[in-house]
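Engineer: Here's the letter readout for the chains.
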Amino acid sequence: MTPAIAPAGGKASSIPMMGGTPEPTIFDLSVAGRRCGTLRDTGIEIIDPASQLPPEYLRDAPLELAEVSERDLVGHYTRLTHRQFSVDLGFYPLGSCTMKYNPKLADQVAAIPGIANVHPLAPVSLIQGWLEICCTLEDYLTEITGMAAATLAPAAGAQGELTGLLIMEAYHRSKGNSKTKVLIPDSAHGTNPASVTLAGYRAVTVPSNSRGLVDVEALAGFVDEEVAGIMLTNPNTVGLFEAEIAEIAALIHSVDGLLYYDGATLNAIVGVARPGDMGFDIVHSNLHKTFATPHGGGGPGSGPVAVAAHLAKFLPGPYPVRTENGFDVAYPEASIGRVHSFFGNAVVYARALAFMKALGGDGLAMMSRLAVLNANYLKAKIAPYYPAAYETTCMHEFVVTVAKIKKDSGVRALDIAKALLDEGFHAPTVYFPLIVEEALMIEPTETESRQTLDAFAESLIEIAMRTEDSDAAASMHDAPSKTPASRVDEARAARHLVTSVDARN
Amino acid sequence: MTPAIAPAGGKASSIPMMGGTPEPTIFDLSVAGRRCGTLRDTGIEIIDPASQLPPEYLRDAPLELAEVSERDLVGHYTRLTHRQFSVDLGFYPLGSCTMKYNPKLADQVAAIPGIANVHPLAPVSLIQGWLEICCTLEDYLTEITGMAAATLAPAAGAQGELTGLLIMEAYHRSKGNSKTKVLIPDSAHGTNPASVTLAGYRAVTVPSNSRGLVDVEALAGFVDEEVAGIMLTNPNTVGLFEAEIAEIAALIHSVDGLLYYDGATLNAIVGVARPGDMGFDIVHSNLHKTFATPHGGGGPGSGPVAVAAHLAKFLPGPYPVRTENGFDVAYPEASIGRVHSFFGNAVVYARALAFMKALGGDGLAMMSRLAVLNANYLKAKIAPYYPAAYETTCMHEFVVTVAKIKKDSGVRALDIAKALLDEGFHAPTVYFPLIVEEALMIEPTETESRQTLDAFAESLIEIAMRTEDSDAAASMHDAPSKTPASRVDEARAARHLVTSVDARN
Amino acid sequence: MSGFTPHTQAEITSMLEFLSLSSLDELYDSIPQALLLSRSLNLPEGRSEVEVIEEFEDLAARNSPVSKELLCFAGGGAYDHDLYAATKALGSRSEFVTAYTPYQPEVAQGVLQALFEYQTMVSRLSGLAITNASLYDGSSALVEAINLACARTKRSRVIISEGVNPSWREVAATFSSGPGHQLELAHLDSSGCTIWPANTSEVAAFVVAYPNFLGLIEEISAARQLASAAGALLIVAYDPIATSLLKSPGALGADVAVAEGQPLGIPLSFGGPYLGLFSTTLELVRYLPGRLVGETLDTRGNRAYVTTLRAREQDIRREKASSNVCTNQTLMAIWAAIQLSWLGTSGYREIGLKCLSGRAYLTDSLKRRGVGEVRLGRGSFREFPLTIEKSPSQVVEDMASRGFLAGVALEGRLAISNFDSSLLIAVTEKRTKSQIDSFVDALVEVLK
Amino acid sequence: MSGFTPHTQAEITSMLEFLSLSSLDELYDSIPQALLLSRSLNLPEGRSEVEVIEEFEDLAARNSPVSKELLCFAGGGAYDHDLYAATKALGSRSEFVTAYTPYQPEVAQGVLQALFEYQTMVSRLSGLAITNASLYDGSSALVEAINLACARTKRSRVIISEGVNPSWREVAATFSSGPGHQLELAHLDSSGCTIWPANTSEVAAFVVAYPNFLGLIEEISAARQLASAAGALLIVAYDPIATSLLKSPGALGADVAVAEGQPLGIPLSFGGPYLGLFSTTLELVRYLPGRLVGETLDTRGNRAYVTTLRAREQDIRREKASSNVCTNQTLMAIWAAIQLSWLGTSGYREIGLKCLSGRAYLTDSLKRRGVGEVRLGRGSFREFPLTIEKSPSQVVEDMASRGFLAGVALEGRLAISNFDSSLLIAVTEKRTKSQIDSFVDALVEVLK
Ligand SMILES: Cc1ncc(COP(=O)(O)O)c(C=O)c1O
Ligand SMILES: Cc1ncc(COP(=O)(O)O)c(C=O)c1O
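Protein chains in written order, with the numbering used here: chain A, 1 to 505; chain B, 1 to 505; chain C, 1 to 448; chain D, 1 to 448.
Treat the hints loosely; a few may be bogus.
[Claimed, not checked] Calculated lysine-lysine pairs in the DSSO-like style (CA-CA distance at most 30 Å, straight line):
hint, chain 1, residue 1, chain 2, residue 2
1, A, 407, A, 381
2, C, 320, A, 181
3, A, 175, C, 320
4, A, 404, A, 381
Hints were generated in silico from the structure; no laboratory data involved.
I would like the entire structure built from these sequences, with the hints used as guidance.
Structural biologist: Here you go:
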C-alpha cells in the first residue's frame, strides 16, 4: 500500500501510447494528498463517526485509494483506451459472440435522465415509462422467438440458461415427473453444461455426427424417462442449422422433455425461422449479441428468457404487466422466484428496444439474412486455404480447421489468431467448439462490408501462405509485434498469481 | 469523384491504428448507395423541386458525399482519434498556448439541453438564463482583469485584438485624435501586427532589450502624437513580466495613446496582478487558454474584450445587460458595431464560467501561482542543458535556446521537438518568439504534476545528451519514428498542392 | 433497408453470384420449408433514429427520475450518490464500451489493466486478497458465495440473516433449489440484530449483512465465532460506501465478501446494469466464480495483464464448473474503478462522513419533531427504518406528489420481522441541509 | 485548493525549496509591489463540480430550448436541423476536443485528415477548389472574403446586397472600417431580388446571398455579369443545406463562396460556436485566409497531412498578412464533416427535399387559410417572409406561449426594405405535417 509520506508519485502521468510504453497503474500515479475534486457542500456539519457507529467497527485509518488529480485520472484511462481494441476500431469476427456494430442512437437513449436516473423501488405510478419499455420488449421478443411469454430479468445468457432450466425443473415438478438429466451436444458452449449442473441436473453429452449435427438416431439412444430436456443452439455452434429439429423435438417431447434454445446464435434467423415454431419450449436471447447492445469489454449483457404458454406461470418475478390503467408489477403464480436484485439489466433493454424499433420487423429480418450472406461469402473466399470443418451452407458463422497447417508447419490456430492482430483485425474465436481440431470460429456479422470481408480474407490467406515458408512460420510464434503488448505470458500469470497491486512483490 | 457504378469501396473499413497502417479517407471507404441511416418521416409528400425553385438553379445531379454505413463512419473517425495527440493523452507544453487540462464538468454543462439547444434569435424572455451567463462571465472577467466593462463576442484572441483595436480607433476618432500607428514589441505574436494592419493602423516594431523586455528608453523614441497605442502581453512572450509597465503606460498615455493587453499570457497572473491596475485600457482574454475551455484541435476559442470605463460606450453590440426585470440585450451608444453573427461562441462562455465557478476566486489565484511554479521548476531542471534565453524568474512559461546544440551537433530545435514526440510528449512551441535563436518555448501549465515535469525534463536532457554523439545526432533528423506518421514532408505539401481528394492525381 | 447494414443491392447480388445463389432465401435452404416463417414479423416498421429517440423521450417522460423530479431518500439496495463527470466521460469511451471479453490480451490491455486496478480497489474495500472481475449484481454475488461455501465445505445448510436484502434472499432461494442448498432464515430482533439459531451443525455458511438491509450495524463477530465453531464459512454482504468508515469485512473475518457496487458511481438505471462485487481469500481462489485478471509479462518484458486461472471457468471445466458465469459486468466495474479513483482516499472517506452526518441530521430532526419512531439499533450508517402509523406505501405516494421519493416501504416482499409499518429512509452525500429540512416538513404534513 | 491542480502542499514546499524560494509569492518578485493585487479576487468561493452543474441546470431552466419546450420555426441564419447520434459521439471524442492546432503533424494526423476531408466536402458544396480549415462563423467568412477581394483587386468599393444576412452586413461594416473598404448596400425589391447599382466602376466585389436572408433565390447570373464587366469578384453567401438541391456557387461563377456551417450538424448553441465556410478558386489560393491542410507523404512513404502554404498566415507574414485569424473552429468543421458523411449523397439530398417540401406544405396551408401574405419571390427554399398585420415580435411572443418559436421578426436591425411587418419563417426536415398543422392553427388564432 502507498506509504503515508508523499512518495515520488508516478514516473510520468503523461505517457501516451504513441510513446510505446506500457501505462503505469493508477496506483503508480498516486501521490498522498492529491485529489480530483471536492464533494458537494451539504451545509451539514460533519460528525464524529464514533458518536453514531459502534467504535469497534470503525476503521483505524482511512482506506487507501489512488490519489490523483483529475488530469492524471483522465490521462490514465484515456491512454488505457488507446491500448484496447473494440468494435468501434475494427473488425471483430469472434465466433459465437456476435460482435456487431452497436448503433450510437442507443447511447443517446440510455442517457435520457428519465431512463438513467429512475429508482427501481419507486412506486409503479412513477415508473410507467419503464414498465412500458419492459412490456414492449417482451412483446418483440416473443414475436421474434415464437413464444408466448418472457422475462427480461436474467442478466446474461448464462443466467438465462439457468433460469430456463429452473423453469424446466418447475414444470417437471408440477407434473410430478422425476427427471435427472439434460442432454447437451458435444459442440455446446461451456455455459450449457455448467448451467445444467447448477440447475440440479446431470449433463449428458450427445456426440455430433460427421456433418456437425445432432445425430437423431444416436440421440434416440439417450432419450429415456429421466431426460428432463435438451439444450440446443440452432444454428449450432459450428454454424449449421439442425434441420432435423422437428424430429428431435418430437423425440424429446415424447418423454415429456423440454427443449431449451440457447439464443447465442439467434442472429442467424430473426424473421426467418422461430425457435417456437421448431418445437422449443424455452428460449433465451442475448441482447448483447443479436440486438446490438454493446458488450462492455465483458459485460453487461442481458439474457431474457421466453417460454411457451404452458410454462408462463413459472417465470421469475417481479414481472411488468399491462393492466387496464397502465402498467403494474406482478409475480407469476408458480414463479421459480426472483433472479435479479431488481428488474435485471434494464438499461440494456432500452438499448435493445431502441435498436429493434429503428430496424423494424423487416430490418431485423434483413439483418439476419445479411449476417448469413456475409458468413457464407467469407467462408467461400478463404476455403482454399482454410477448409471449413463442415461443407454445408453455414448460417451466420462458420468453423474452419487449421489442423493441416499445424501438421505441415507447426503453426497453430493460436498463432494465426495472433498474426491477425498484427494485421489490425481482432482474431476469431479459437479452439471452440471442442469437436473441431485447431478450430477458428469466424462470425463476421451483418454490419461488416464486403470490402472488410475481402481485406480480412486477404490477410488470412496471406498468413496461410506465410506458413509455407519455414522461417516465416517459425516467426509466427512470436506474433503479434505491432500491438500494445507483444505475446503475453499466460502461464506465468497463473504460476505467479498477482491479481492486485497489493499482491505484487 | 466517385464513379456512378458501385466501386470496390475501401480496401478495408476496419484497420485500426494497431495495425500501423494509415487510415484511408472517408471517400476511399465510400460505396455508392450505402448510407448511415434514414431521415425522419415527416408525413409530408416530397415535391418536385422544379415546382418551387427556378429550374436553371437546380443541380443536374446529386452532390456527391461519402457513402458509408454508420459502422464504417464510426470506425473511420474512431481510428482517426487514435492517430491524434491531445491533452487527455499526455503532456502538451506548447508555449503561448496554455494547453492545460479541461475539466470534464464543463462538457456536462455544455450538453444541458437548455444550454445547447437555444436559438440565438429567440425573444429575450426565452433566453434569460443565457443572458445571465453572459453577464456573470463579464463580471468575472472585469474583476479578473481590473477593467470596467466587457464584450464576450469575439470568437478568438485574434478577433479580440481586432475588436480592441477598433475600439482604440473609435476612441481616437471620438477625441479627434489623428493617429496612424500602433507600437508592437518584436517578441509579439503574429496576430498582433496582423490585427493592427486590419484595424487600419501601421504596426511599428519596438525592439526588446537584452533582458527580453521592452526598453523603455528606446520606446520613448518611438512615442509621438501619431501613436494610437501599444499592444503588449504581460508577461510577454518570452515569459517575463514587464516590470516597467507603469512607466510604459505613462509614456503611451502621455500622447493619449492606449494600452492593449494581449491576454494570451493571462494565465500567469490571475488573482495576482491585473492589467487594469497596470495601466492597460483594453484587454482580451482567451477563454480557451486561461479558462480551461478545450482548444478543439484548432478551435473554437473565445476572446472576450474588457475595457476601461471611458471605452465602454464603444464596445460591440448586441450586449447583454441586467435590468430591473431580468436581462435584456442592448447596443452601446457609440458601438464599433457587431463582430459576430450572433453573440459569439456562447457555449465556450458556459464552459469557462463553469470552470471559474468551480475554482472560485482563490482557486483561480492558486492556478496562476502553480503555473508559474511549474514553469520555474522545469526551467531550473533543464537549465544545465537548455539555457534559458533570459535568466530572470519566469512567469508561466519560458524560452530556451538550443543555438549551441545546433552549432555543436547540427541538431535543430525542430529535431528536438520531433525527438520528444517519440518520447510520448508533445513538443514545445518552436522558433517563436522570433527574437530568440533556435527557440523552444515551454509552457507546462499548472495542471501537470511534478512527476510529469520530472519525466519531461529527463527526456529533454536525455535528448540533449544524445546530440553529443554524432551518429545519434544525425539520426535525430529522422525522428520521430514511433508516432502515427513519421516525419512529414511539409515542403512537398506546398509544392504539390493537394487540399482536397478531388485535387489528387 | 436501414443504414445498419452496409450492403447495397448491387453488392448483395454480386455476393450471391459469387456463391452461385440467386436469392438471399437460398441461404436458408438447410431449413426445412415447414420451419420457415411464412410471413413478416408482426412488428412495427423501422424508424429513423431521431424518431426512435423521441419515442424514448416520451416514454422517459412517464417516469419520475430522481434529482430532476424527485429528491431521493430511497435506498433499499440502490442509492442516489453523486456521479462525477470524469467517470461518465471515461466510462463511456467506446473502446471500453464496444470491446468484448478480453480473450486476446495483446489488444485488450486497456480493459484488462482497468480490471486489475478494480480488483485491487475492491480487495482493499473488502479486506480480502482475491477479487473477481465482477458478477451481475449483489444478489448474484451472494448466490455464488453460497455455492462456493457449499462446494468448499461439501455441506448444504446455509443460515442467512433476515438482515440480508430480502430481494437477494429471494434470488438466493431461487438458485439454491438446483444445487439443493438449504437456506434457513435467521430473523432479526427488534433492534435489527440477527438471532442466530442454536443448532449450527453441518452449516456451510453464515450470511450476514454489514450494515444490514435496514442500514444497521450488526455484531459480525458473533457470526464469525459461530462459523468458526461450526467449520462453516462466513459470508458478509457489505455496503461499499459504508466501508469508508467501517472496518472491512475481511478485517472482521469474512471468508467471502459480496456487495452491490451500484453506489460506486453507477446510475440508478431502474435497477440495472449494476455490479456484483465478489472477494475471497487466496486460499479459496480455485473456487472463485467468474473472471480473474492477473499480472504477467509480455515477450518484450513489459508488464501485461491477462485473465488467469481460467481452468476454473465454465468454458473449460464445463459441467464440473462451480459457476456458469460468462458475460459479467466489466464496464460497470471500470466505472466503479474510475469513480473510486476520482474520490481517492480522502473523497471516499468524506462520502462516508457526509452520508453518516446527513443521516444523523435527519434522524435528529425526526426525533425532535416527534415524527414516527426512528430506529437506529446499534448504529446506522446512511439508512434507517422509521416506524409510522400510516401505511408506508401510501406515505411514499403522498410524498411523491410533494417532490420526494421518501423511502422504501417495508411491506410485502420487503417486510422485515419486528419492523412492520416502517419506511426505510436513506440519506446520501447529495442531500443538503435544506433538502432534509423540507423533507421533514413534508413528512410531518403527510403523517399528520 | 481544488483538485484542478495536482500539487500537494508538500510538493509545493519541495519545489520551492528546489528553486531556493520560500513562498509562492516570491515567484512574483519581478512584479512591482504597487502592481500586485493586495486583496483576493472579489469572486464567489469555489464549489464542487456537482454544485456547479446544478447551478447551470437552474440557469438552463430559464431558457426555452427548442424541441423540448418550443417547436422551432425560426431561422435567420441558425437552423434547427436534426443532429445524429454518431456525429455527437464522434465529435465529442476527447482526442478531437482537447488537441491544439495541428502544429506537429506526426501526432496530429487525426485532426489533419479530418480537416482534409472537410475541405473536400466543402469544396464540393461550394463548387470551388480551395477551402480553408474554417473561420469563426458566416459573418467572419464574409469579412475575409471582402478583404480578399479588395486585396486582389486593389480596390475598396464593395456592393453588398440587402439580401445578405443583416447581422453579417453589420459585421462586415465593423471590420471594413479598418482597411477602409466602402460598403454600399444594394436594396431588395418587393420580390426579394437585389437592385444592383448602375455605376459599378472600381468595384472590388459584389456580394449576393443564395438563397438570401429571406430564403429566396435571386438571380446570381446578374451579379456575375456585373462583376465580370467591372473586373470585380463575385462573393456568394450560400446556404450549405440549399446546395443539396441548388447548383453550387462555384458553378454559378462565384470567386469566393462563404457560408454559415451551423446547419451541418451543429447545435443551435445560443449562436455559437458555429462554423464559417470559406472557399475560393485555386487561382486565389495565396490570398486565402486561415489554415489550409494539404496532402503529402511521410518519410515512410505513407500518405500524411499537414497545414500548408503557411507563409500566407499571420504567424509568418505578420503585419503583411491579409488575415489575422489564428484559432478557428476546427472542432465544428470536424462535426460538420461527420454529419455530412452520416448523411451521404442521398441523405444530404433528402434533407433538402424535406426542407423544401415542408416549407411548401406550410406556405400552401397558410395561403389556403388566408394567413398573412406569403411571399415566395422567384422561389424559396426552407424559409420565407410572411407579411402580417400584427406586430411580428408580438406574434413571436404570443406563439411562444403556445409552444412555438414562430420565426424571426424582421424588425429593428433585422428590418429589410419592402418587407415591413414581416415574420421570417423556416421549416427544416424536423418539422412534421402535424406540427406544421398545429403551427398554422396557432398562428391563425394569434393573428385573429
Ligand atoms: C453459444 C453460447 N451460449 C451461451 C453463451 C453465454 O452467454 P453470456 O455470455 O451472455 O452469459 C455464449 C457466450 O458467448 C455462447 O456463445
Ligand atoms: C501571444 C498570443 N497572442 C495572440 C494569440 C491569438 O489568439 P487566438 O488563437 O485565440 O486567436 C495567441 C495564440 O496562440 C498567442 O499565443
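Engineer: Work down the list of hints and note, for each, if the structure agrees.
Structural biologist: Right, here's what the structure says about each hint:
no., hint, verdict
1, A:407 / A:381, "holds, 23 Å"
2, C:320 / A:181, "holds, 14 Å"
3, A:175 / C:320, "holds, 29 Å"
4, A:404 / A:381, "holds, 18 Å"
Of the numbered hints given earlier, the model fails none.
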